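A.B. asks: When you get a sec, could you build the whole thing from the sequences and use the hints?
Spelled out from the first residue to the last, the chains are:
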Amino acid sequence: MERASQDISLSDKKREDLLMLLKSAQAEYRHIPRAFIVDTAKALGLPENQVFGVASFYAFLSVEPLGKHVIRICQNLPCYLKNSRMIIDSVKKKIGIIPGETTPDGRFSLELVSCIGACDVAPAMLVNHDVHGNLTPQRISEILNTYD
Amino acid sequence: MPEKQIVSMNCGKIDPDNIDTHIDQGGFKALQKSLEKMTPEDIINEIKTSELKGRGGAGFLCGTKWELARKAGENQKYLICNADESEVGTFKDRHLLAKDPFTLIEGIAITAYAIGAQTAFIYLRAEYHFLLDLLTNAIEQAKEKGFLKHLAVQIREGAGAYICGEESALMNSIEGRRGESRYKPPFPTEKGLFDKPTIINNVETLMNVPQIILNGGEWFKTIGTGNSRGTKVFSISGDVEKPGVYELEMGSPVKELVVTLAGAKNIKAVQVGGASGSIIPFDQLDTPLSFETLLGSGGVIVFNNERDITDMVHQSMIFLSEESCGKCTPCREGTEVMIEIFRRLEIGEGVPEDMENLEALSEAMMLSSLCGLGQAAPIPVLDSLKYFRSEYEDRIEKSQILRRLPRSIA
Ligand SMILES: Cc1cc2nc3c(=O)[nH]c(=O)nc-3n(C[C@H](O)[C@H](O)[C@H](O)COP(=O)(O)O)c2cc1C
Ligand code: FES
Numbered sequence: 001m002e003r004a005s006q007d008i009s010l011s012d013k014k015r016e017d018l019l020m021l022l023k024s025a026q027a028e029y030r031h032i033p034r035a036f037i038v039d040t041a042k043a044l045g046l047p048e049n050q051v052f053g054v055a056s057f058y059a060f061l062s063v064e065p066l067g068k069h070v071i072r073i074c075q076n077l078p079c080y081l082k083n084s085r086m087i088i089d090s091v092k093k094k095i096g097i098i099p100g101e102t103t104p105d106g107r108f109s110l111e112l113v114s115c116i117g118a119c120d121v122a123p124a125m126l127v128n129h130d131v132h133g134n135l136t137p138q139r140i141s142e143i144l145n146t147y148d
Numbered sequence: 001m002p003e004k005q006i007v008s009m010n011c012g013k014i015d016p017d018n019i020d021t022h023i024d025q026g027g028f029k030a031l032q033k034s035l036e037k038m039t040p041e042d043i044i045n046e047i048k049t050s051e052l053k054g055r056g057g058a059g060f061l062c063g064t065k066w067e068l069a070r071k072a073g074e075n076q077k078y079l080i081c082n083a084d085e086s087e088v089g090t091f092k093d094r095h096l097l098a099k100d101p102f103t104l105i106e107g108i109a110i111t112a113y114a115i116g117a118q119t120a121f122i123y124l125r126a127e128y129h130f131l132l133d134l135l136t137n138a139i140e141q142a143k144e145k146g147f148l149k150h151l152a153v154q155i156r157e158g159a160g161a162y163i164c165g166e167e168s169a170l171m172n173s174i175e176g177r178r179g180e181s182r183y184k185p186p187f188p189t190e191k192g193l194f195d196k197p198t199i200i201n202n203v204e205t206l207m208n209v210p211q212i213i214l215n216g217g218e219w220f221k222t223i224g225t226g227n228s229r230g231t232k233v234f235s236i237s238g239d240v241e242k243p244g245v246y247e248l249e250m251g252s253p254v255k256e257l258v259v260t261l262a263g264a265k266n267i268k269a270v271q272v273g274g275a276s277g278s279i280i281p282f283d284q285l286d287t288p289l290s291f292e293t294l295l296g297s298g299g300v301i302v303f304n305n306e307r308d309i310t311d312m313v314h315q316s317m318i319f320l321s322e323e324s325c326g327k328c329t330p331c332r333e334g335t336e337v338m339i340e341i342f343r344r345l346e347i348g349e350g351v352p353e354d355m356e357n358l359e360a361l362s363e364a365m366m367l368s369s370l371c372g373l374g375q376a377a378p379i380p381v382l383d384s385l386k387y388f389r390s391e392y393e394d395r396i397e398k399s400q401i402l403r404r405l406p407r408s409i410a
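So the sequences go chain by chain: A and B. Taking our numbering, the leading residue of the first sequence gets 1, the next gets one more, and so forth. Taking our numbering, the leading residue of the second sequence gets 1, the next gets one more, and so forth.
Rather than coming from a laboratory, the hints here were simulated on the basis of the structure. Warning: the hint list may mix true and false statements.
[As the list claims (entries may be wrong)] Derived DSS-like pairs (lysine-lysine); straight-line CA-CA distance at most 27 Å:
(1) Lys13/B with Lys242/B
(2) Lys14/A with Lys42/A
(3) Lys13/B with Lys184/B
(4) Lys145/B with Lys14/A
(5) Lys23/A with Lys327/B
(6) Lys14/A with Lys242/B
(7) Lys13/B with Lys14/A
(8) Lys13/A with Lys196/B
[As the list claims (entries may be wrong)] Per label pair, the in silico range of CB-to-CB distance:
(9) Val63/A with Arg332/B: 36 to 46 Å
(10) Ile98/A with Phe187/B: 23 to 33 Å
(11) Ser390/B with Pro65/A: 31 to 41 Å
(12) Lys93/A with Thr21/B: 41 to 51 Å
Since this is a predicted model, take the numbers as computed values, not measurements. All C-beta atoms in this analysis are idealised placements derived from N, C-alpha and C, irrespective of residue type, glycine included.
C.D. replies: Put into structure tokens, the structure is as follows:
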């Protein structure tokens with residue numbers, strides 16, 4: 001992790017590329033490593049705290065390592081009306097962690113998020129970039145088993 | 001007023017992966033007409049005649065905005081298509097993008113020509129990453145067909161932040177900054193993205209443009225109501241049988257969307273415009289859906305008789321607080337304090353002053369918040385206090401009874 005910038009090229013990058021760079025780092029390392037923040041700040045000529053400020057602002061970026069698969073369950077009204085709390089409970093039970101945590105084997109992270117624009121198939125969740133809708137507690141195992 | 005398809009007319013009729021199917025339906029004729037037979041001023045005049053207003057929530061007149069950008073004395077200008085769609089209960093842009101990316105690209109190409117932008121960005125929310133390939137492919141196909149000679153269209157993906165749908169926060173995000181709102185003025189038409197004149201329009205707004213160019217602004221004005229021309233694409237969810245996306249003529253009654261099309265029963269209330277949208281009780285379902293009355297981004301959530309309104313508003317406030325960018329105090333602190341009040345009401349610790357406090361706080365937030373998030377956050381609170389006051393009173397009364405009980409029983 002020391003030379004983070006080897007995998008993601010930082011040459012010729014501008015401030016406007018920052019969000020894209022951080023997203024690449026997130027995809028590559030499952031979080032934004034400290035070293036990457038330092039290198040990126042240097043490459044873009046920005047203070048480190050500004051890079052950190054951006055990295056910590058967005059829900060899809062994390063400065064703490066996340067699991068291989070990130071489960072994001074929608075907690076907003078249309079999903080809430082369709083019993084999203086039951087879905088949250090069954091995911092918690094299935095993988096044994098609470099929102100904000102990562103399983104010890106690093107397979108899953110669990111987060112509660114704002115509306116993902118799938119309210120017509122509420123309750124809904126994202127696993128990585130896949131949308132899963134019309135969830136029932138029964139279907140949770142089936143879905144999560146497809147992510148190993 | 002029946003369903004009427006202008007924006008979504010090609011949805012389901014074309015193959016979103018194949019531009020030829022779109023051209024077969026008359027696609028890109030409006031762009032050809034614009035580039036070959038019209039000056040940018042002609043286009044702006046046509047849009048002004050149509051009285052098209054923005055579909056992203058604020059409802060600003062498009063033609064007026066475009067003219068400001070057109071006249072701004074800068075060479076470099078930008079067009080941004082706002083595909084951040086993060087209003088709770090809203091998914092119509094997702095539907096439109098997935099079913100017909102080409103009409104959007106055509107609308108972008110015409111608009112960019114009209115305002116004089118050589119670069120257009122589509123800001124796509126991270127949650128819609130699954131649409132990225134489809135959209136990229138559609139842009140490539142339009143380029144190959146020679147439709148984008150005057151314009152570079154680039155996609156920028158968000159990273160999960162509701163506030164980035166607000167135009168100034170969105171521009172900060174494209175610039176690689178925290179997605180915080182900016183103080184206005186300056187307005188984007190003057191100093192927007194990278195300090196250059198910028199036009200930001202919603203997906204649905206831009207998708208109206210080709211049909212207006214083809215059929216004329218006067219034609220568009222015959223549809224809808226006096227202050228709301230054309231149609232609106234609605235997203236409906238909650239306690240309904242058929243949640244989904246429906247396009248209706250502006251001015252259609254709430255009942256038509258909610259009952260006739262979506263099949264709602266035992267309705268208690270309807271919230272129009274997302275988490276900070278207005279709430280109307282069941283006996284006002286004849287209210288027309290329009291800028292004059294109720295609209296927002298067209299996200300409609302239905303609550304049936306079993307729902308507790310204070311619980312609904314509490315849930316909305318949790319969202320608004322979570323998504324407040326935190327830059328201004330009234331919004332950041334106001335949403336927090338409101339949540340605290342709703343939480344107490346829920347657990348039986350309400351006090352009689354709660355209602356007055358909510359009202360006073362609402363007024364302060366509406367007056368002094370930096371952007372639309374904090375300014376609109378109190379709307380459902382005030383509406384629920386107006387139409388469902390007895391539910392607050394019941395909760396407060398229950399709290400008082402609980403307090404009078406000896407501790408061992410409570
Ligand atoms: C908190 C907040 C969130 C917003 N979210 C969106 C959004 O997701 N999509 C959108 O098109 N407009 C959104 N807007 C409105 C934009 O600021 C802007 O008015 C709009 O994109 C202009 O396009 P239009 O005139 O075509 O509607 C939001 C505004 C606020 C205050
Ligand atoms: S509220 Fe859950 S997807 Fe919209």
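A.B. asks: Evaluate each hint against the coordinates.
C.D. replies: Tested hints:
no., hint, result
1, Lys13/B with Lys242/B, "21 Å, holds"
2, Lys14/A with Lys42/A, "11 Å, holds"
3, Lys13/B with Lys184/B, "42 Å, violated"
4, Lys145/B with Lys14/A, "32 Å, violated"
5, Lys23/A with Lys327/B, "23 Å, holds"
6, Lys14/A with Lys242/B, "47 Å, violated"
7, Lys13/B with Lys14/A, "42 Å, violated"
8, Lys13/A with Lys196/B, "20 Å, holds"
9, Val63/A with Arg332/B: 36 to 46 Å, "21 Å, violated"
10, Ile98/A with Phe187/B: 23 to 33 Å, "44 Å, violated"
11, Ser390/B with Pro65/A: 31 to 41 Å, "50 Å, violated"
12, Lys93/A with Thr21/B: 41 to 51 Å, "46 Å, holds"
Violation of the numbered hints given earlier is confined to hints 3, 4, 6, 7, 9, 10, 11; the remaining hints are satisfied by the structure.
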